Amino acid sequence: MLEFDKVMLELYGFLAAWCAARSIPLIWLDLTVMIIAGLIMIGVLSLAALFLVWWERKVSAHLQDRLGPMRTGTHGVLQTLADGIKLLQKEDIVPSAADKRVYFWAPVVAFVAAYLAYIVIPFGKGLIARDLNIGILYIIAITSFTVISLLMAGWASNNKYALLGGMRSAAQIVSYEVPLTISVLGAVMLAGSLSMVDIVEAQGPYFWKWYWLPQILGFGIYFISATAEANRTPFDLPEAEQELVAGFNVEYSGMKFAMFFLAEFVNMFTISAIATTLFLGGWQPPLPGLAFIPSWIWFMGKTLFLVFVLMWFRWTYPRLRVDQLMNFAWKFLLPLAFLNLILTGLGVYFFG
Amino acid sequence: MDRPRFRPHAGKITVDNMIENKDLREEEFLINMGPQHPSTHGVLRLILKMEGEFIRDLTPYVGYLHRSIEKIAENRTYNQFMPFTDRIDYCASMPSNLAWATAVEKLAAIEVPERAEYLRVIMVELNRIASHLIWLGTMSLDLGAVTPFLYAFREREWILDLFEMTCGQRLTYHYIRIGGVARDIPVEFEKSCRAFIKDFRRRVDDYEAILTENPIFLGRTKDIGILPLDLAKDLGASGPTIRGSNYGWDIRKVEPYSVYDRFDFQIPIGANGDVWDRYMVRIEEFRQSCKIIEQALDGLPEGDTVRSKLPTVLRPPAGEVFSRIEAPRGEMGYYIVSNGDKKPFRVKIRTASYGNLQCLRPTSIGLKIADLVAIFGSLDVILPEVDR
Chain A
95 MLEFDKVMLE LYGFLAAWCA ARSIPLIWLD LTVMIIAGLI MIGVLSLAAL
145 FLVWWERKVS AHLQDRLGPM RTGTHGVLQT LADGIKLLQK EDIVPSAADK
195 RVYFWAPVVA FVAAYLAYIV IPFGKGLIAR DLNIGILYII AITSFTVISL
245 LMAGWASNNK YALLGGMRSA AQIVSYEVPL TISVLGAVML AGSLSMVDIV
295 EAQGPYFWKW YWLPQILGFG IYFISATAEA NRTPFDLPEA EQELVAGFNV
345 EYSGMKFAMF FLAEFVNMFT ISAIATTLFL GGWQPPLPGL AFIPSWIWFM
395 GKTLFLVFVL MWFRWTYPRL RVDQLMNFAW KFLLPLAFLN LILTGLGVYF
445 FG
Chain B
128 MDRPRFRPHA GKITVDNMIE NKDLREEEFL INMGPQHPST HGVLRLILKM
178 EGEFIRDLTP YVGYLHRSIE KIAENRTYNQ FMPFTDRIDY CASMPSNLAW
228 ATAVEKLAAI EVPERAEYLR VIMVELNRIA SHLIWLGTMS LDLGAVTPFL
278 YAFREREWIL DLFEMTCGQR LTYHYIRIGG VARDIPVEFE KSCRAFIKDF
328 RRRVDDYEAI LTENPIFLGR TKDIGILPLD LAKDLGASGP TIRGSNYGWD
378 IRKVEPYSVY DRFDFQIPIG ANGDVWDRYM VRIEEFRQSC KIIEQALDGL
428 PEGDTVRSKL PTVLRPPAGE VFSRIEAPRG EMGYYIVSNG DKKPFRVKIR
478 TASYGNLQCL RPTSIGLKIA DLVAIFGSLD VILPEVDR
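Protein sequence lines correspond, in order, to chains A and B.
Just so you know, the numbering used here puts the end of the first sequence at 446, numbered straight through with nothing missing.
Just so you know, the numbering used here puts the end of the second sequence at 515, numbered straight through with nothing missing.
Please note that the accuracy of each hint is not assured.
Claimed, not checked - Have a look at the derived ranges for each label pair, beta carbon to beta carbon:
#	chain 1	residue 1	chain 2	residue 2	range
1	A	I391	B	L298	45 to 55 Å
2	A	S347	B	L298	31 to 41 Å
3	B	L298	A	F198	21 to 31 Å
To be verified - Facing chain B, from chain A, some residues (calculated, C-beta under 10 Å):
#	residue
4	L120
5	L157
6	R160
7	P163
8	D177
9	I179
10	K180
11	Y255
12	R262
13	E337
14	L338
15	W409
16	Q418
These are calculated hints, taken from the structure and not from any lab test.
Please read all numbers here as calculations on a predicted model, not as lab measurements.
All residues carry an ideal CB built from backbone N, CA and C; glycine is no exception.
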């Protein structure tokens, strides 16, 4: 019905023919397509982040017996837009003792890093910006950029709360990177490829063949570590409001604050999208008979469900303490991740 | 030699600089927490000496909410001072009213109608629940759990509705007066109150389900901020703070006032005196308060008089009196010196929060800043009561 893969290829073929007829080098077409695709991606993701902010407020409100935003548009759908416009108008405060250049670039790095991961995420059949053969490795590398931005923000603000928040985030994200990477390896071993498209296609359109079942341990470890990577409760220590006021972004205001905020929500979407791709069959329907529903709807549905689970976590659990957080990563998740890796290896060796 | 102070970006940061930079070393640093900070519950100011995440020393500074209520008392008649007692602990105005009323009644030997005594007990216990609900909400918020906060305030709303139908106020009630209470309860009060108790019992179980056995909550509260009993006594702790340290000190039992000796209820105590014990004590007090309210509603005597006839201007005989009650946060007492005039000569207010706040420093040194927040939440300090 609404599959894009064929349409895209036909469109590209038509444009290539059009260029060839006018003897324009194909590189210009490729560049133009890439730029347009990038802009579409940024637009879609920004809209998705705006939607997620609203959705988080509604989910939290309904979990807490409230209504949440109701005034702007039907059930407050335009609330985030209104907030964004308000934040745009806010004064951009830079502390006089701040390291101005680092202070300026920190939200930019956070924002860019959050968006870069989407290059290799397959949103649907054929809906991927670039199918890198090291896709998952690329994602793990790119998402680590977040820690640099948080550290930059914490350091450059010249505020002790911000510094503590930045240090916490550095320790936390670097620690959780390890079990996260190892848990991802399980799915990679099963699929035999690092490419996101290959991993999705290896899982097939049967929900019991997706990797959540053989990788139930890996899925759990991945999801927990990813929650910590995205600084979500119960691992939201870098911005623990009750301890560090707002942590690394305590001095940020206006659009810079909004960029951190949007990056956080984009990250939340990223980790859910990766979990969907690796463990829940990506854009594959749960049964072959359900393939009449477009693949990108399946992908979005699964991803948004995981996002909902993340929100559910956030509004249910208290926050861990710094040392408990570290113990959990190194003494619990990491051995489990190794165990999962060994079991997967044995499984692949004997049954694969 | 002036030593370099804590400046995160002293000088240009280059690799060469970092290798040669003598500034680059570990150091304790000071953090100013409050008076405007999300978890100082008002206007407490803490100067923390930190070593990374660890607290090496802390100094609480109080006085940001000082309104000289004790001095004001010397310039008001006994009845005029009653509204000021509302403002001493605005989360629990009824007990503050009751403490002043019982002190003046003791001084002037005033009889209180029995129905008024029962109404006082009902109101004070309802207010204890409301006050503990604020504590539950803010403490869970301090630990990072936002949802119980809103649940707690949802239930508190019902109590405030009950108060509103009784005395027209939702925060500073001024309901308990010298010689009785301001007015009788409306007819629909009893039904609504019983419905609330029935509903609230279930809600307490809900709170327990979301917090008590939660491993993260246990990790954050068990064996954190242990307050030994000797220390608690030395520092003048009272209320749930000292009861958490395995000591059944409750004025309602040890020195019964009003009609508390007629009710059957237990004093919950904790075992170790850690944050979790103080939490459990207050959770159990929810249930005990429900029990007291039900008994008081059952035994509520019929009658029209809820306030004894008093002279327009009350002139207690010369003398002095100290009277105390069990407020939600602990022992609240008024020391009044009268010289026979229509105004008190001197009033000293003993509030629970002041003693409880002193427990913060010895229990939190050496722990982390996150523990400090948890301990402070569990002490349930309210700053207007500290500063008066």
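Hint-by-hint comparison with the structure:
In this structure, I391 (chain A) and L298 (chain B) meet the distance hint of 45 to 55 Å, their C-beta atoms being roughly 51 Å apart. The supplied range of 31 to 41 Å is met by S347 (chain A) and L298 (chain B), whose beta-carbon atoms lie about 33 Å from each other. Separated by about 45 Å at the C-beta atoms, L298 (chain B) and F198 (chain A) break the suggested range of 21 to 31 Å. For L120 (chain A), the suggested interface contact is broken, since its CB lies about 44 Å from the closest CB of chain B, more than 10 Å.
For L157 (chain A), the shortest C-beta to C-beta distance to chain B is roughly 6 Å, which falls under 10 Å, so the interface hint holds. At a threshold of 10 Å, the smallest CB-CB gap from R160 (chain A) to chain B is about 7 Å, leaving the interface hint in force. Checking P163 (chain A) against chain B: minimum C-beta separation of about 15 Å lies over 10 Å; hint violated. Because the smallest distance between the Cβ of D177 (chain A) and any Cβ of chain B comes to about 19 Å, over 10 Å, the interface hint for this residue is violated.
Checking I179 (chain A) against chain B: minimum C-beta separation of about 26 Å lies over 10 Å; hint violated. For K180 (chain A), the interface hint is violated, since its Cβ never comes within 10 Å of a Cβ in chain B; the closest pair sits about 21 Å apart. Given the 10 Å rule on beta carbons, the hint for Y255 (chain A) holds: about 7 Å separates it from the nearest Cβ of chain B. A least Cβ separation of about 8 Å between R262 (chain A) and chain B falls short of the 10 Å threshold, and the interface hint therefore holds.
Interface restraint check for E337 (chain A): the shortest CB-CB distance to chain B comes to about 5 Å, inside 10 Å, so the restraint holds. For L338 (chain A), the interface hint holds, the least distance from its beta-carbon to any beta-carbon of chain B being 8 Å, beneath 10 Å. Against a cut-off of 10 Å between C-beta atoms, the interface hint on W409 (chain A) holds, since the closest Cβ of chain B lies about 5 Å away. The criterion of a C-beta within 10 Å of any C-beta in chain B is met by Q418 (chain A), whose closest approach is roughly 5 Å, and the hint holds.
Checked against the numbered hints given earlier, this structure breaks hints 3, 4, 7, 8, 9, 10; the rest are met.
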